[in-house]
Amino acid sequence: MSDIQINIINKTYPAIEQAGSHTAIADLHLSLKSGEFICLVGPSGCGKTTLLNIIADLDRDYQGSIALSQQSARPKIGYIFQNPRLLPWRTVRENIELVIEDSLSGNAIDSLLEAMQLTAAQHVYPERLSLGMSRRVSITRAFAVDPDLLLMDEPFVSLDAPTARQVRALLLSLWQQRPHTVLFVTHDLREAITLADRLIFLSTSPMSVISEIIVPIPRAERHDESAIETFRQQLLNDYPAIKQLL
Amino acid sequence: MKLTKQLLPLLSLLAFLALWQGSAFYINNHTLPTPAAVALVFWQACVSGQLPFHLGVTLLRLLVSFSIAMLLGSAIGIVLGRHKKLDDFFDNWLVIFLNVPALVTIILCYVWFGLIESAAILAVVINKLPSVIVTIREGARSLDQDLLDMARCFRFSQRKTLTHVIWPQLHPFVMAATRSGLALIWKIILVVELLGRSNGMGYQLHLFFQMFDVASILAYTIAFVGVIQLIELIILKPLDRKALRWRR
Numbered sequence: 009m010s011d012i013q014i015n016i017i018n019k020t021y022p023a024i025e026q027a028g029s030h031t032a033i034a035d036l037h038l039s040l041k042s043g044e045f046i047c048l049v050g051p052s053g054c055g056k057t058t059l060l061n062i063i064a065d066l067d068r069d070y071q072g073s074i075a076l077s078q079q080s081a082r083p084k085i086g087y088i089f090q091n092p093r094l095l096p097w098r099t100v101r102e103n104i105e106l107v108i109e110d111s112l113s114g115n116a117i118d119s120l121l122e123a124m125q126l127t128a129a130q131h132v133y134p135e136r137l138s139l140g141m142s143r144r145v146s147i148t149r150a151f152a153v154d155p156d157l158l159l160m161d162e163p164f165v166s167l168d169a170p171t172a173r174q175v176r177a178l179l180l181s182l183w184q185q186r187p188h189t190v191l192f193v194t195h196d197l198r199e200a201i202t203l204a205d206r207l208i209f210l211s212t213s214p215m216s217v218i219s220e221i222i223v224p225i226p227r228a229e230r231h232d233e234s235a236i237e238t239f240r241q242q243l244l245n246d247y248p249a250i251k252q253l254l
Numbered sequence: 616m617k618l619t620k621q622l623l624p625l626l627s628l629l630a631f632l633a634l635w636q637g638s639a640f641y642i643n644n645h646t647l648p649t650p651a652a653v654a655l656v657f658w659q660a661c662v663s664g665q666l667p668f669h670l671g672v673t674l675l676r677l678l679v680s681f682s683i684a685m686l687l688g689s690a691i692g693i694v695l696g697r698h699k700k701l702d703d704f705f706d707n708w709l710v711i712f713l714n715v716p717a718l719v720t721i722i723l724c725y726v727w728f729g730l731i732e733s734a735a736i737l738a739v740v741i742n743k744l745p746s747v748i749v750t751i752r753e754g755a756r757s758l759d760q761d762l763l764d765m766a767r768c769f770r771f772s773q774r775k776t777l778t779h780v781i782w783p784q785l786h787p788f789v790m791a792a793t794r795s796g797l798a799l800i801w802k803i804i805l806v807v808e809l810l811g812r813s814n815g816m817g818y819q820l821h822l823f824f825q826m827f828d829v830a831s832i833l834a835y836t837i838a839f840v841g842v843i844q845l846i847e848l849i850i851l852k853p854l855d856r857k858a859l860r861w862r863r
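Residue numbers (the working numbering), protein chains in the order written: chain G, 9 to 254; chain A, 616 to 863.
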């Protein structure tokens, strides 16, 4: 896998009727190392989803570039949307099969489904799934494409705390088995510290990087909530500007 | 309760037949024959092979013109629904074609191309096409952009996107166009046959009209309505059930 360079010089939404044009992102430069888990932390509405959509090539109306350092082709991307966006007329398994090349064997899908505890639900239609299960299917689908870059847009929002904890643990275990570069958007600092190798704090209107902080807590100790809380307090004391973002 | 639900349509049909029989008995005139007289004519027309032949010819015309109108209309509807500029350009054309009376199109097709089979089919297609386009265009306009973005992000091919993302969303619109289309097309075909063909249900009905043979008119009508109901039961309803099996 290659490193990924994100350089967005400007992203502006055009004026609509009485609302003037709005610059969402300006001079945003990020370098993502291969296999790194990065959390983007910023206030609601600061443009995080816009950034992910640009990276995913869903929004081409911007100035800048997204590139792998070792090749010119666009990186292969797995996107876990805020809303799971499953095809309701396809079963769980079909939703996953659809995103992968025909060459990937049934066994590979079986093992992914098993890792996300979805084997029993594989022939069920999404309308019959709980939100937590739908999120797990969405995560499985994104991992199934074996992406260079995994984009996650607040995937645990609106889940109750125990379900979010369970899905987060499943995500981490899958990521440790199949490490990909991950860009995870959240406005929950505790969640970001629990998951990330590196935290990137973003400002609003226009969005740009305020600070980047490596999380020094070893992964084995991340289950210790007091360690997470201590680091969070330390961050808030050392970087008062962060408080404004949360 | 369940028995009542099953019996109700049967009772309704019997009530209709009784009303018909009563009216025919009261009028006592060949302009309204009894159900039994119509059944006898129906049986004789079937045995002679006349009814199956003319019904078959009309159904073939229906199948060809309906297929062309649905395929062409769906394709154009999707394109117009997804491309606003094209839609703006062709919208007036659609309004014009929607409002041209069916009879005018049929006459013009016969005048321009002659009393030939392809002119008859063309006339039916031109009559049905605008309403298919309008229905499918509405469906294409209301496609879920989130799902289309998902397909683009995961690099679905165009064919995969059409089959798995777009088509299932268009299904209710296609079924609406199909049902209204069948009802509309067979009525237009009868006029087409009446004006310019020498076989088919329309031609036969015209013949019976000239002979004031109301029993035959009713026998042929019942046969045709029965076939359309069979299409609904054997093809459309199972298609609906299969396509919507994912719904709770």
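It is worth saying that the hints were derived from the structure and are not from the lab.
Nothing here was measured: the structure is a model prediction, and the numbers come from that model.
Glycine is no exception: its CB is placed at the ideal position from the N, C-alpha and C atoms.
One should not assume that every hint holds.
Label pairs and their computed distance ranges (CB to CB) [what the hints assert, rightly or not]:
hint : chain 1 : residue 1 : chain 2 : residue 2 : range
1    : G       : S181      : A       : D855      : 34 to 44 Å
2    : G       : G140      : A       : W782      : 48 to 58 Å
3    : G       : T127      : A       : F704      : 49 to 59 Å
Okay, the calculated bits of chain G under chain A, using three or more residues with CB under 8 Å as the criterion [as the list claims (entries may be wrong)]:
hint : region
4    : 24 to 37
5    : 89 to 97
Each hint, compared with the structure:
1. A C-beta distance of roughly 42 Å is found between G:S181 and A:D855, which places it inside the suggested range of 34 to 44 Å.
2. For G:G140 paired with A:W782, a C-beta distance near 30 Å fails the hint of 48 to 58 Å.
3. For G:T127 and A:F704, the Cβ-Cβ distance of about 52 Å falls inside the hinted range of 49 to 59 Å, so the restraint holds.
4. Restraint check on the region 24 to 37 of chain G versus chain A: 0 residues with Cβ-Cβ distances below 8 Å, three needed, restraint violated.
5. For the region 89 to 97 of chain G, the assignment as covered by chain A holds, since 6 residues bring a beta-carbon within under 8 Å of that chain's beta-carbons and 3 suffice.
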